[in-house]
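Number of protein chains: 2
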Amino acid sequence: MNQKISSTLLFVTSNPNKASEVRKILNKNGISFHHMNASYQEIQSSSLKTIATESARCLYERLKTPLFLEDSGLFIEQLSGFPGPYSSYVYKTIGNSGVLKLMFTIANRTSRFESVVAYAENDNDIHLFSGIVLGRIADKKKGKGWGFDPIFIPRNCDETYAEMGIESKQRVSHRYVAFTKFSNWFKTHG
Amino acid sequence: MNQKISSTLLFVTSNPNKASEVRKILNKNGISFHHMNASYQEIQSSSLKTIATESARCLYERLKTPLFLEDSGLFIEQLSGFPGPYSSYVYKTIGNSGVLKLMFTIANRTSRFESVVAYAENDNDIHLFSGIVLGRIADKKKGKGWGFDPIFIPRNCDETYAEMGIESKQRVSHRYVAFTKFSNWFKTHG
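Order-wise, the sequence lines are chains A and B.
Just so you know, we're using this note's numbering here: the first sequence kicks off at 2 and counts up by one.
Just so you know, we're using this note's numbering here: the second sequence kicks off at 2 and counts up by one.
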């Protein structure tokens, strides 16, 4: 395996679950990184790509070392994309039970999980890698998992992300898709 | 009345309803302004004051003229403050009917509307004026009004903001309280 280890490559997130998921994916691809356990300022936007780009640019300006971050969101078609880029806030306030209440009488439960990885190696050079998984909102919470994992069922599956368990989820998830794209690019880049 | 007219004082908002409400309040207080019909970048934060401060600072940096803006939100106690600083996004996606669904089985409907006015006259001199009105979420939409006005009943009232009509609302609203504070300060300032 083409091993590329950078002692200064940072992954910035204050979410330990995300850090753990990403470490498993990148280590399999031979990429090591330092987890910087920190939160950072995000802008408001309906586009994950815009939010991730601005965050990476600001963090690079401050830290001046190659770094990446990830922003993700659950977009529910019949709720005009809600909770979308504010998934984290919505999870913390109304949670899975709130989203299920909103979907109570809605037959079309189509939704998608999106992940955007932003990699910065200088102020004006932000690279984006996205992963999208289509699916539907479950009728009730199933399985134990973080965030909206207990209510999201990927297309062609019968189980929620949470029911699958971390190993199986990581073979199909939006985060897996985005970080695999990032890994493939990173190993051959520069 | 102490009339203070500044030809360069800007109120920046892309919301024509807000512009109209604010013009009525400030004109009564003898303050004229130019409405700049523009949207601007906001940061993500659970604090309206933090969001308004950063927005005013960034706008002043760009425009270099005295300006003010307003950020407001509906905070529902039993939903951990949701929709709070993201009230505009939540209104555009799930709307009043979504909030009513979330409150369907909740007896304690206590909530508050908050308004924060941020006035900037140089990069490092942001003045904040806040208005809070306590109230409750109605059982159903009542009256015609914008935003969450049809579902918010101020304390000691039987009508929603929307039922009151614009004139009556303006005598009690969170926006009225914040802009009255701003007016009183502005007329005697400097």
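Just so you know, these hints were derived from the structure itself, not from any lab.
Check the hints yourself; a few may be wrong.
No distinction is drawn between identical chains; accordingly, a pair holds when it is met within one copy or between any pair of copies.
As the list claims (entries may be wrong) - Restricting the straight-line Cα-Cα distance to at most 30 Å, the calculated cross-link-like pairs of lysine-lysine (DSS-like) are: (1) Lys-65 - Lys-142; (2) Lys-142 - Lys-188; (3) Lys-188 - Lys-65; (4) Lys-65 - Lys-145; (5) Lys-142 - Lys-93; (6) Lys-29 - Lys-102.
Treat the numbers as computed from the prediction; the structure is a model and nothing was measured.
For each hint, the structure was consulted:
{"no.": "1", "hint": "Lys-65 - Lys-142", "verdict": "neither (42 Å within a copy, 52 Å between copies)"}
{"no.": "2", "hint": "Lys-142 - Lys-188", "verdict": "neither (38 Å within a copy, 56 Å between copies)"}
{"no.": "3", "hint": "Lys-188 - Lys-65", "verdict": "within (21 Å within a copy, 46 Å between copies)"}
{"no.": "4", "hint": "Lys-65 - Lys-145", "verdict": "neither (38 Å within a copy, 52 Å between copies)"}
{"no.": "5", "hint": "Lys-142 - Lys-93", "verdict": "both (16 Å within a copy, 26 Å between copies)"}
{"no.": "6", "hint": "Lys-29 - Lys-102", "verdict": "neither (39 Å within a copy, 44 Å between copies)"}
Figure legend: structure checked against the earlier numbered hints; hints not met, in rising order: 1, 2, 4 and 6.
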